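Whole structure, please, built from the sequences with the hints as guidance.
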Amino acid sequence: MKPIDLKNQIRARKRYDALFGVLGLLALMIGVLTFCALFADMAIKGMGRVDWDFFTSFPSRHPGQAGILSAWVGSTLVMLVTAFFAVPLGVAAGVYLEEYARKNWVTDLIEINITNLAGVPSIVYGLLALGLFVYQFGFGQSILSAGLTLALLILPVVIVATREAIRSIPQAIREGSYALGATQWQTVRYHILPYSSAGILTGIIIGMARAIGETAPIITIGALTFIAFLPPAPVSAQPPFLSFEWLVSPFTVMPIQMFNWTSRPEAAFQVNAAAAGFVLVIMTLAMNGLAIWLRYRLRRNIKW
Amino acid sequence: MSAPDMQMTATLAPKADVKGLDFYYGDYRALNSISMPVYERQVTALIGPSGCGKSTFLRCFNRLHDLYPGNRYAGEIVLHPDNTNLLSAEVDPIEVRMRIGMVFQKPNPFPKSIFENVAYGLRVRGETSRRRIEEKVEQALADAALIGEVRNRMHEPAYNLSGGQQQRLCIARALATDPELLLFDEPTSALDPIATASIEELIHDLKERVTILIVTHNMQQAARVSDFTAYMYLGEMIEFGVTDELFIKPAKKQTEDYITGRFG
Amino acid sequence: MLFLAALVSVFTTVGIVTILVKESVVFFEQVSIVDFLTDTQWTPLFDDAHFGIMVLLSGTLTSSLVALAIAIPLGTVIAIYLSEFAPFKLREIAKPFLELLGGVPTIVYGYFALLFVTPLLQRIYPGLPGFNLLSAGIVMGIMIIPYVASISEDAMRAVPMSLREGSYAMGATRLQTALRVVFPAAFSGVAAAYILGISRAVGETMILAVAAGMQPNLTFNPLEPAATITAYIVQVALGDLPHGSVGFQTIFAAGLTLMLITLIFNIAGHLLRKRFRETY
Chain A
32 MKPIDLKNQI RARKRYDALF GVLGLLALMI GVLTFCALFA DMAIKGMGRV
82 DWDFFTSFPS RHPGQAGILS AWVGSTLVML VTAFFAVPLG VAAGVYLEEY
132 ARKNWVTDLI EINITNLAGV PSIVYGLLAL GLFVYQFGFG QSILSAGLTL
182 ALLILPVVIV ATREAIRSIP QAIREGSYAL GATQWQTVRY HILPYSSAGI
232 LTGIIIGMAR AIGETAPIIT IGALTFIAFL PPAPVSAQPP FLSFEWLVSP
282 FTVMPIQMFN WTSRPEAAFQ VNAAAAGFVL VIMTLAMNGL AIWLRYRLRR
332 NIKW
Chain B
7 MSAPDMQMTA TLAPKADVKG LDFYYGDYRA LNSISMPVYE RQVTALIGPS
57 GCGKSTFLRC FNRLHDLYPG NRYAGEIVLH PDNTNLLSAE VDPIEVRMRI
107 GMVFQKPNPF PKSIFENVAY GLRVRGETSR RRIEEKVEQA LADAALIGEV
157 RNRMHEPAYN LSGGQQQRLC IARALATDPE LLLFDEPTSA LDPIATASIE
207 ELIHDLKERV TILIVTHNMQ QAARVSDFTA YMYLGEMIEF GVTDELFIKP
257 AKKQTEDYIT GRFG
Chain C
10 MLFLAALVSV FTTVGIVTIL VKESVVFFEQ VSIVDFLTDT QWTPLFDDAH
60 FGIMVLLSGT LTSSLVALAI AIPLGTVIAI YLSEFAPFKL REIAKPFLEL
110 LGGVPTIVYG YFALLFVTPL LQRIYPGLPG FNLLSAGIVM GIMIIPYVAS
160 ISEDAMRAVP MSLREGSYAM GATRLQTALR VVFPAAFSGV AAAYILGISR
210 AVGETMILAV AAGMQPNLTF NPLEPAATIT AYIVQVALGD LPHGSVGFQT
260 IFAAGLTLML ITLIFNIAGH LLRKRFRETY
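From first to last, the protein sequence lines are chains A, B and C.
Number 56 in our numbering belongs to position 25 of the first sequence; there are no gaps in the numbering.
Number 147 in our numbering belongs to position 141 of the second sequence; there are no gaps in the numbering.
Number 201 in our numbering belongs to position 192 of the third sequence; there are no gaps in the numbering.
Check before you lean on any hint, since a few could be wrong.
Straight-line Cα separation of at most 25 Å, PhoX-like style, residue types lysine-lysine; simulated pairs [what the hints assert, rightly or not]:
(1) B:K213 with B:K25
(2) B:K25 with B:K259
(3) C:K283 with A:K134
(4) C:K283 with B:K118
Cβ pair distances, simulated, as ranges [unchecked claim]:
(5) B:D28 with A:L211: 48 to 58 Å
(6) C:G253 with A:W136: 34 to 44 Å
(7) C:H279 with B:Q226: 42 to 52 Å
(8) A:W136 with B:L240: 36 to 46 Å
No lab work stands behind these hints, which were simulated from the structure alone.
What you are looking at is a predicted structure, and each value in this text was computed from that prediction instead of being measured.
A virtual CB, placed ideally from N, CA and C, is assigned to each residue, including glycine.
Here is the structure:
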């Protein structure tokens, strides 16, 4: 090839390189723009509505007086139940799979199940909960059912995060522990769990962020969309001082409240929906952001 | 060099001249003032202990270091006959790589068919004529002594071939674009002795047509295969000479120490 | 003890299958499977009730196609760009950002589709109904981009550098190397990403429930409103049909169909990912 032809041909090919660079950035920009538009939309329409009254009022037929009190209290209580079940089960399962499980068909079966469950639509979890928790076990349309459902939903997230965190611990540490005569459980308790706790925590936060925003499964088990009361308080001044009545009480959660308001045609309710959405987005952004930051710090600080 | 050497090299033209080459990884100087000729249609071997910079030196020839940030060249590598300085910032690395081919330590065929692997270089420079591509592919596979074994399965995946066959495929791939200089980076260190022998024989046949520069950590291979040898240590060129002379009667004590295995 | 915790996942799957099948049986005692699969009307509440799942499937299919038409091309381009072109710092910012984008609750996306995207589209095409599959599909597509991009990008970065060096050494440009060598090498992983995207699109509920309306409509035209399998289940759950009635049990039959569809895709994705891991 003549030298000048060579140079021209190279220049032509490199032009495509540059074009693709632009294309890639454009594609990213679409994501950025959507996110900004979404956030701005929520903020502009809803931020003005978010004030102390908004957080402390019940929903009402009058949009100006409606608030998210029952919704965020419900969300908090449901999250408590979710964490109560998902964290121990998920971490225990993760520890088992990484430290104790042998390579046999049972382990394979468990692993296949976990991968599969991660891809099941959330509404199917709702159907499971409806049939199993609400009807079969008779927990009813309650916070307990919701918490259990969401726990099952985020279980794969917690398990995978636990496993990855444990996997990054070098074998040398385990061997050091065993060489000193520790049992497997002691090694897990005093070494494995503490060292992987940051990674596990990251996974838990991501799972909870996901659970807070879930609507479909909770609607399916029958959370009502208009709740103008709070579940009974867990502690009271009279004996017995602790009560579990709140577990079986009807309830609502933040995403459902937003759904309810979005479905109303009146413009004023849509403002409320935007406000609720704004609060939701801030919450999930904060949680996801925290998890990302934790992971970043982890990667920089851990030097085995 | 001795008198017979000088006579021999007087009749040879250099394909490339390295002049005062320095190379920096960031602030660290990995190559220090290297100067040597690469004679046309001869096999030149680069030997030296691990970490002496021979692969680093080799990769300067096709600007492969440009792929990674923070690297810097100083000095020149002048390619003849047009006297282009390959290391110049004005010379596009792609242009350099279109004139100079490379075979790597571990065979790295693409996830494509045998035919498409060899045709890759041609397609990438815009060759569209099916007939021309088929001709060149067949010729390259013949030059790489592979055509007999793959003639009936040209469209099978390259991964089906054995290690030695894959390496010869990589050689064919490099040959298909008629390179002016062919770089070999420890081409047989991942292969068994039989495959190694076939590659060495191939190199011997190829030098009739293309200049070859080969890095090897195996001194015996250098002695078997090359016409000229350069001994490197800690980023510097210690000695350069006719292979037979260098191995029998090295001029420098350092070279002698390495060759006789006093260190490695 | 720990073993039991691990078994919970197995129990969950068993539970899902059991419940779906058990409750669907009640439904299928009254409606034949053939009718279920071939009827072209979905009117469970009428006196002359029809139960053709095709109606709901059409909504699911249409919206998913719109979503994937956005998510797959954009997700792939982003993945190639981040893996082969973008400078290190841009990658470090873009990846977490994509994670945040994927972490927004779907109800918020639904609101966005209904009250921002639809009015926007109506300015371009005034005849667009307030509920339509297009807005929902577009927003769903953007929501899925992070999943497709992230997994594809991981697959591409796992391709060994030696392959890239081989390509560059032949005088190829960055784009040529990315498209002719890296992308084909990573393809099983990328395909697994696509399948995950499909799974996500088919299973998505809230965006469609809010923005596409809940009116069952046998159509493949995205400019119309329609109910998907998932939106229908939500609609029934919000209503007062008693448990055990045919009308109510439809949600389990619908759920079973959905489960089977996503199961097939998940298994395909799993096999592809396994094959990819074996190659490297």
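Hint check results:
1. Straight-line distance between C-alpha atoms of K213 (chain B) and K25 (chain B) comes to about 24 Å, which keeps the hinted pair within the 25 Å bound.
2. Our distance criterion of 25 Å between C-alpha atoms is met by K25 (chain B) and K259 (chain B), whose separation comes to about 24 Å.
3. Restraint check for K283 (chain C) and K134 (chain A): satisfied, since their Cα atoms lie roughly 17 Å apart, inside the 25 Å limit.
4. Pair hint K283 (chain C) plus K118 (chain B) holds up; C-alpha atoms about 20 Å apart against a cutoff of 25 Å.
5. Taking 48 to 58 Å as the suggested C-beta distance range, the pair D28 (chain B) and L211 (chain A) conforms, at roughly 52 Å.
6. Under the hint 34 to 44 Å, the C-beta atoms of G253 (chain C) and W136 (chain A), about 38 Å apart, fit the expected range.
7. In this structure, H279 (chain C) and Q226 (chain B) meet the distance hint of 42 to 52 Å, their C-beta atoms being roughly 50 Å apart.
8. The hint said 36 to 46 Å for the Cβ distance between W136 (chain A) and L240 (chain B), and at roughly 56 Å that hint is violated.
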